[in-house]
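As a plain string of letters, each chain reads:
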Amino acid sequence: MNFDDTAGEAVFRAEARRWIDANAPSHLKAGLEASGFGNLALDGVDPMAEAKAWQAKKAAAGWACLHWPREYGGRGSTPIERVIWGQEEGVYGALGGVFIIGHGMCGPTLMAFATEDQKRRYLPPLASGEEIWCQLFSEPAGGSDLAGLRTRAEPAADASGDWLVNGQKIWTSGAQYSDFGILVTRTDPAVPKHKGLTMFFLDMRSPGIEIRPIKQANGQSGFNEVYFTDVRIPDAQRLGAVGDGWKVSLTTLMNERLSIGSGMSTGFPELFDLCCRIETANGLAVDDPAVRSKLATWAVRATGLKYTGFRALSALSRGETPGPENSIGKLVAGPTMQEIAMFAEDLQGQAGVISDPDIAAAHGRFQAMLMRSPATRVEGGTDEILRNIIAERVLGLPPDIRVDKDVPFNQIPTSAR
Amino acid sequence: MNFDDTAGEAVFRAEARRWIDANAPSHLKAGLEASGFGNLALDGVDPMAEAKAWQAKKAAAGWACLHWPREYGGRGSTPIERVIWGQEEGVYGALGGVFIIGHGMCGPTLMAFATEDQKRRYLPPLASGEEIWCQLFSEPAGGSDLAGLRTRAEPAADASGDWLVNGQKIWTSGAQYSDFGILVTRTDPAVPKHKGLTMFFLDMRSPGIEIRPIKQANGQSGFNEVYFTDVRIPDAQRLGAVGDGWKVSLTTLMNERLSIGSGMSTGFPELFDLCCRIETANGLAVDDPAVRSKLATWAVRATGLKYTGFRALSALSRGETPGPENSIGKLVAGPTMQEIAMFAEDLQGQAGVISDPDIAAAHGRFQAMLMRSPATRVEGGTDEILRNIIAERVLGLPPDIRVDKDVPFNQIPTSAR
Amino acid sequence: MNFEFSDDQKALGDQARRYLADKCPPSAVRAVLEGPQTYDAALWRGLADMGFLGVAIPEPYGGLGLSYLELCLIAEEMGRALAPVPFSSSVLLATEFLLAAGSEAQKIAWLPRLASGEAIGTFAFAERPGAVTPRTIQALCAQGRLTGVKLAVPDGEIATFAVVAARAAPGLDARGVSLHLVELGGEGVTRTPQDTIDPSRGHAQLAFEAAPAEPLGAAREGWATIERVFDRAAVLTAFEQIGGADRALEMARDYALDRMAFGRPIGSFQAIKHMLADMYVSATLARSNGYYGAWALATGAAELPQAAASARVAATQAFQHCAKNNIQVHGGMGFTWAFDCHLFYRRSNLLALNLGSLSTWEDALITRMRARNTAA
Amino acid sequence: MNFEFSDDQKALGDQARRYLADKCPPSAVRAVLEGPQTYDAALWRGLADMGFLGVAIPEPYGGLGLSYLELCLIAEEMGRALAPVPFSSSVLLATEFLLAAGSEAQKIAWLPRLASGEAIGTFAFAERPGAVTPRTIQALCAQGRLTGVKLAVPDGEIATFAVVAARAAPGLDARGVSLHLVELGGEGVTRTPQDTIDPSRGHAQLAFEAAPAEPLGAAREGWATIERVFDRAAVLTAFEQIGGADRALEMARDYALDRMAFGRPIGSFQAIKHMLADMYVSATLARSNGYYGAWALATGAAELPQAAASARVAATQAFQHCAKNNIQVHGGMGFTWAFDCHLFYRRSNLLALNLGSLSTWEDALITRMRARNTAA
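These protein sequence lines map, in sequence, to chains A, B, C and D. Per our numbering, the first sequence starts with residue 1, numbered consecutively. Per our numbering, the second sequence starts with residue 1, numbered consecutively. Per our numbering, the third sequence starts with residue 1, numbered consecutively. Per our numbering, the fourth sequence starts with residue 1, numbered consecutively.
I should point out that these hints are in silico values taken from the structure, not numbers from a laboratory. Given the structure is predicted, the values throughout are model-derived calculations rather than measurements. We put the beta carbon where it would ideally sit given N, CA and C, even for glycine. Accuracy of the hints is not assured; some may be wrong.
Pair by pair, the computed Cβ-Cβ distance ranges are [stated by the list, open to error]:
1) B:GLY396 with C:ASP7: 34 to 40 Å
2) A:LYS215 with C:ASP14: 54 to 60 Å
3) D:LYS10 with B:ARG402: 53 to 59 Å
4) C:ASP7 with B:GLY380: 31 to 37 Å
5) A:THR321 with B:THR297: 55 to 61 Å
6) A:ASN2 with B:ASP287: 43 to 49 Å
7) C:ARG220 with B:ASP287: 24 to 30 Å
8) C:ASP8 with B:GLY76: 28 to 34 Å
9) D:PRO60 with B:THR297: 52 to 58 Å
10) D:ALA338 with B:ASP179: 42 to 48 Å
11) D:LYS10 with A:ALA236: 49 to 55 Å
12) B:GLN411 with A:GLU116: 53 to 59 Å
Generate the whole structure from the sequences, applying the supplied hints.
Here you go:
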């Protein structure tokens with residue numbers, strides 16, 4: 001048992017490190033280190049321009065989307081090499097936030113369901129960051145019930161074979177700056193809900209698309225509502241067969257859960273650091289037995305997640321698929337971060353109410369955690385959905401009773417009262 | 001807002017106290033105070049004989065089953081008078097353990113569904129403790145699904161109109177010393193499960209009844225299995241119409257939840273007392289901030305339950321029905337007692353493993369709590385059933401999806417694999 | 001046994017609920033949350049006209065002269081409505097400090113104006129992050145001039161005066177702490193608004209530079225007075241938290257009944273049902289502990305210190321629990337600015353810190369239980 | 001990155017699992033729980049024949065000379081099978097004390113007999129209820145004679161010898177504590193069996209009255225040795241707890257799949273599904289922390305004190321959590337003597353106390369994290 005690279009891994013790490021040292025935008029390092037919770041603290045620069053520049057530079061040198069095939073703009077690397085690259089890229093990886101969905105979800109979906117010509121046209125600029133993609137799945141009425149979506153796609157009246165899309169999507173990250181998007185629609189409301197869906201990709205500048213940012217509870221706006229009015233999509237941009245949209249979207253969602261679940265932050269290191277600097281009525285917080293007894297439970301969750309990740313990496317390193325243990329990541333990290341944020345406020349006392357980063361302890365990090373953590377417990381699968389997934393896929397327990405399973409979508413009740 | 005009796009309540013309390021001071025079996029006081037968890041620590045006496053003697057004495061003086069009508073052996077008291085009596089009877093109330101089910105569940109059921117002659121025959125000796133009753137509802141296959149019971153009652157082949165009962169009951173308290181029992185059976189397996197039940201009462205000495213004690217996880221045996229083989233019951237002992245058994249049993253169950261839910265012990269006072277006597281590495285436990293921070297949450301649960309009870313008493317005192325807040329009693333007390341038992345062991349360290357009452361701290365009270373508390377979280381409704389009840393009856397949320405609702409009982413799947 | 005509010009008291013509470021439902025809908029809270037003003041001045045005047053600001057102030061000083069029980073029920077409605085007004089600072093703290101330690105002249109000068117809402121008072125306490133203990137009070141006050149900095153003072157920007165904890169000379173002990181009444185409009189006072197986790201309630205840093213200050217209560221009795229007043233405020237604030245918890249639970253319940261997923265109301269899933277049941281449990285425990293505190297406060301019982309801590313601990317846990325899970329029940333929509341869930345989440349975390357943290361009160365509860373050597 | 005047991009190590013673990021499944025079914029645990037004997041002697045001999053008792057003992061001393069990683073996996077299987085044998089006392093503690101502090105002569109005298117199971121060792125530590133600290137060690141040992149009383153000594157009734165903590169003279173400091181090796185069959189030793197919450201593992205009070213004792217390790221180094229050995233035992237015991245937690249989770253899962261209520265498997269109700277998912281989460285966190293401890297133990301890393309505490313805390317929480325909820329999932333049947341749920345519940349609470357309580361380890365974890373000034 002050891003944490004060392006294999007010989008091959010060591011060679012790869014050294015090569016990656018050399019290139020990064022020579023080429024990374026070191027002038028952004030400080031700002032990136034101070035950044036957190038999805039907002040980059042980069043003063044005086046255009047984050048999007050910097051992000052695209054770094055991605056283009058990586059692509060030119062063959063360091064973009066490492067696990068993708070070379071012909072699509074990747075490097076054909078192994079999963080463990082991808083992880084090693086991430087470790088070496090470090091804080092500069094934060095620049096890639098705008099590409100996560102395109103690289104993590106849209107790319108794999110195109111790879112699996114687009115034509116060869118389409119892959120050669122769209123994947124390389126996606127890998128190089130020249131074109132940005134978004135994902136249009138969630139809807140206001142859907143929530144955890146993703147397949148309950150209502151956005152309609154119908155054959156255009158003319159003989160073009162095109163589809164006309166009408167409806168609304170929600171929680172779309174990056175819609176405002178995306179060039180393309182993958183879109184799941186309902187093409188047949190008369191069959192059970194999972195059977196009547198069809199997936200497309202489309203140009204986000206198509207006529208009839210309106211994008212409105214969603215203001216979040218914490219005041220930020222990381223998501224959008226996207227409205228579709230007679231948006232025309234050529235049939236050639238269909239991904240998978242008509243009616244196969246659910247199967248296609250599962251490809252994307254599996255990738256989403258993976259990318260979101262791994263390496264989640266719990267906020268424990270930050271809390272521990274605070275406890276070494278702040279005082280309770282019993283002296284320095286970390287010396288207060290009451291504080292220590294609370295810290296211990298969070299500490300073993302943090303180390304537990306860390307070493308669960310290491311177990312997964314070891315599997316990758318051996319060329320195996322990681323076990324189901326990774327599915328606990330977000331379920332543990334989300335509520336833990338919320339508990340930690342509340343306790344960190346508690347330690348700060350009256351001063352804990354101050355959210356101004358220039359005044360609050362730890363640059364207002366805990367106040368930001370407090371206001372952001374509720375979203376972590378919901379996005380990409382609520383705590384309750386994640387428990388269902390663990391119970392069903394890991395422990396093999398039966399699915400919930402499904403009253404809408406074999407019911408035509410347009411006959412599923414939509415109102416309780 | 002005050003805790004004082006009304007004038008009328010004060011008069012009643014004084015009268016009760018006078019009579020108890022003059023008549024209670026004071027020679028048992030010490031032993032009763034040392035008793036706990038359903039087992040009486042009475043050395044050198046026959047608990048049953050003492051219990052019956054005290055109950056008979058109370059009945060003779062009109063202090064038995066206070067809220068029952070006088071003609072059935074009660075006193076026709078108000079609910080609050082019943083509570084005041086309980087407060088004054090104090091530890092001597094523990095002697096009445098063997099009568100709880102008869103007085104709390106069987107009596108009310110007879111009162112509601114038996115004939116006038118039957119009530120005059122059976123209620124007075126039930127009130128006076130001369131005859132003991134038990135309740136035969138739960139079955140091995142039933143569990144939380146009470147109505148899923150399988151014990152059959154079929155008309156006897158002869159023309160007697162009698163019923164023949166075959167099957168098995170479980171978790172029957174006091175079956176071994178009961179004279180009579182109320183029994184719910186399935187008389188029609190071809191209709192949905194709630195519709196095919198019928199309630200009877202029967203002589204527990206009837207031929208064909210076999211009683212086997214159940215050894216519990218904590219080594220005690222408070223319950224029995226009761227087997228029925230062609231047990232004959234006259235139709236005159238039917239309670240309610242054929243097929244109305246579920247409706248009838250709800251009368252009993254409502255009373256069960258009430259009697260079990262009220263005044264539940266959390267073990268907090270005992271834990272607090274231990275913390276004032278035992279040392280941690282940081283000194284006396286109650287002075288250890290780590291201990292205090294854990295105690296606080298349990299403390300407010302204990303006071304919360306106590307004053308929730310006072311709110312209910314105030315309602316009774318005003319002649320009103322207590323609100324739904326009482327439904328939280330067992331749901332809070334059960335898990336709290338288990339947490340407290342585990343923490344009390346933790347405080348005792350290695351010595352905490354010792355269960356011998358003569359050696360262990362607090363006479364092994366916490367080791368007994370540890371081993372008994374799992375039952376508290378299950379008996380008379382599991383934590384999960386109680387949450388359902390609060391969600392549905394208090395908060396008005398929808399019932400669970402019921403796949404067996406309209407299915408004939410004999411067509412409900414009984415095996416998962 | 002009459003462990004319940006009287007019908008008259010309940011009627012007053014209902015009146016306050018109706019008034020606030022009409023005058024203080026969520027839109028009014030948002031107006032302060034999103035707007036430039038730090039409180040709802042019109043609502044404040046309205047509450048004064050209703051007499052709600054002087055409920056427990058004796059009639060000779062311009063109040064209604066009712067008991068703390070009535071004030072508890074008013075506080076509960078303020079919490080339920082998330083009223084964006086300086087109620088907790090001015091009514092629950094400043095008024096109580098004057099009643100507990102004010103000279104007759106100070107009472108005559110200020111209580112009528114506090115009851116009429118014409119004056120707003122607050123309490124300036126914390127000077128640095130961490131638990132506030134006597135040793136953290138380092139503001140100095142000599143010859144009637146006070147110098148020091150107090151941070152995150154609720155309503156510090158709009159208050160007419162502040163009760164300020166300070167010392168006559170540098171030191172660390174509790175006996176060195178005295179209280180002072182400082183008019184914030186006067187010289188030597190600089191107010192700097194501070195962004196907080198709940199912008200629907202204004203907070204400001206107060207910097208005192210030789211600001212004129214008059215003593216409030218006997219010198220060196222400051223800390224004892226603070227503890228006495230905090231016990232009262234803890235009970236009253238607990239009712240504010242109980243009101244908020246109940247409302248958050250109702251919101252979650254209503255949404256669970258209306259919102260459909262997988263062809264059924266989400267409130268028919270056990271995960272949601274049991275989450276709501278647990279919210280009901282903590283809200284009920286908080287209310288019953290609150291009654292305990294209200295009884296002790298109104299009857300001046302010796303249990304007050306323990307009862308106040310019980311009420312404060314249970315109410316803080318309940319409001320944070322219900323507000324947090326109200327968002328969870330609402331799912332993604334609960335995290336939008338447009339839904340009201342975050343208003344309750346913000347307030348629950350603000351009230352958990354105003355008046356001292358949960359962990360501080362947890363520690364105090366057991367210390368006090370031990371002092372009384374009673375375990376509930 | 002190779003944060004995983006090797007295939008050879010896993011094969012050894014599988015071998016142990018198969019052996020125990022065959023030789024140590026629940027009925028074997030019940031035989032000790034309900035019978036007069038305090039351990040399963042036949043199983044003990046069998047385990048010795050398999051070499052499982054000397055896994056980490058160097059070959060010169062009659063062991064297999066394998067690493068602690070192999071011993072972790074054996075311990076996991078012992079926990080999964082609830083093996084009613086003195087494994088934790090003799091292999092995880094007594095053997096480790098000899099390896100850590102024994103003289104060459106003592107090693108030669110005892111290690112081969114421990115490896116062969118012919119001798120059973122244990123550790124006599126606690127003298128009174130409460131956390132064991134240096135000041136609670138008051139047994140005295142002078143001129144090779146030890147006097148004092150140790151309570152609830154695991155396997156005290158059957159052990160050949162005990163490692164006993166005592167002082168040369170009355171005192172309170174850690175430096176005053178020394179370790180001694182006492183043969184329990186000899187004069188001056190009275191063993192009194194004690195009923196415990198888990199009768200499947202025998203415990204006894206050991207009363208020493210001028211019992212012959214030889215020093216184990218340098219005088220006054222006792223407490224330091226205890227801390228060093230406890231760190232190792234904490235990791236190994238964590239695996240015993242991890243094995244028990246996994247098995248309890250499996251039992252609950254299987255029952256939830258088979259047991260029908262309301263016409264469906266109870267495992268189809270979210271209340272049960274989510275209870276099981278949470279059990280899986282804590283079992284997984286415990287296993288990953290256990291790996292961390294195993295790595296630190298096997299590589300002699302400087303993180304061992306912190307890693308050991310992490311493994312111990314997570315494993316104790318997980319086993320207690322899984323064993324407790326295993327009963328809850330089984331409902332009433334789970335509380336019968338006939339079902340095996342209580343065997344795991346009893347063991348989970350026993351192991352939580354052997355080797356020092358959870359709260360003690362929680363405190364140690366953060367103290368050690370601070371010492372390393374690392375926060376995972």
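A quick look at each hint next to the structure:
1. B:GLY396 with C:ASP7: 34 to 40 Å: With Cβ atoms ~26 Å apart, the hint is violated.
2. A:LYS215 with C:ASP14: 54 to 60 Å: Given about 35 Å between the Cβ atoms, the range is violated.
3. D:LYS10 with B:ARG402: 53 to 59 Å: 46 Å Cβ-Cβ, so the 53 to 59 Å window is violated.
4. C:ASP7 with B:GLY380: 31 to 37 Å: Given range 31 to 37 Å: holds, Cβ gap about 35 Å.
5. A:THR321 with B:THR297: 55 to 61 Å: Distance hint for A:THR321, B:THR297 is violated at roughly 42 Å.
6. A:ASN2 with B:ASP287: 43 to 49 Å: For A:ASN2 and B:ASP287 the Cβ distance comes to about 45 Å; the hint holds.
7. C:ARG220 with B:ASP287: 24 to 30 Å: holds (27 Å)
8. C:ASP8 with B:GLY76: 28 to 34 Å: Given about 33 Å between the Cβ atoms, the range holds.
9. D:PRO60 with B:THR297: 52 to 58 Å: holds (54 Å)
10. D:ALA338 with B:ASP179: 42 to 48 Å: violated (28 Å)
11. D:LYS10 with A:ALA236: 49 to 55 Å: holds (51 Å)
12. B:GLN411 with A:GLU116: 53 to 59 Å: holds (55 Å)
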